[in-house]
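A.B. asks: Sequence:
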Amino acid sequence: MKRLRNKMTTEELAECLGVAKQTVNRWIREKG
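First residue of the sequence shown? That's 917 in this note's numbering, and the numbers climb one at a time after it.
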């Protein structure tokens, strides 16, 4: 698995983790 950078777009994050962008956005809302 690639290292996560500090400032990544949700698209990069989704691609890196192999999830949908909507999923990443939901995680961000839950954590934020």
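Treat the hints with care, since some could be wrong.
Derived pair list, reagent style BS3-like, types lysine-lysine, alpha-carbon separation capped at 30 Å [stated by the list, open to error]:
#1 Lys923 with Lys937
#2 Lys947 with Lys923
#3 Lys947 with Lys937
Note that these hints are calculated values from the structure, not bench results. In this text the structure is predicted, and so the values were computed from the model without any measurement.
A.B. asks: Run every hint past the structure and note whether it holds.
C.D. replies: Results of checking the hints against the structure:
For the proposed pair Lys923 and Lys937, the alpha carbon gap of about 16 Å is at most 30 Å, so the pair holds. The hinted pair formed by Lys947 and Lys923 meets the criterion: a straight-line CA distance of about 16 Å does not exceed 30 Å. At most 30 Å may separate the alpha-carbon atoms for a hinted pair to count; Lys947 and Lys937 meet this at roughly 15 Å.
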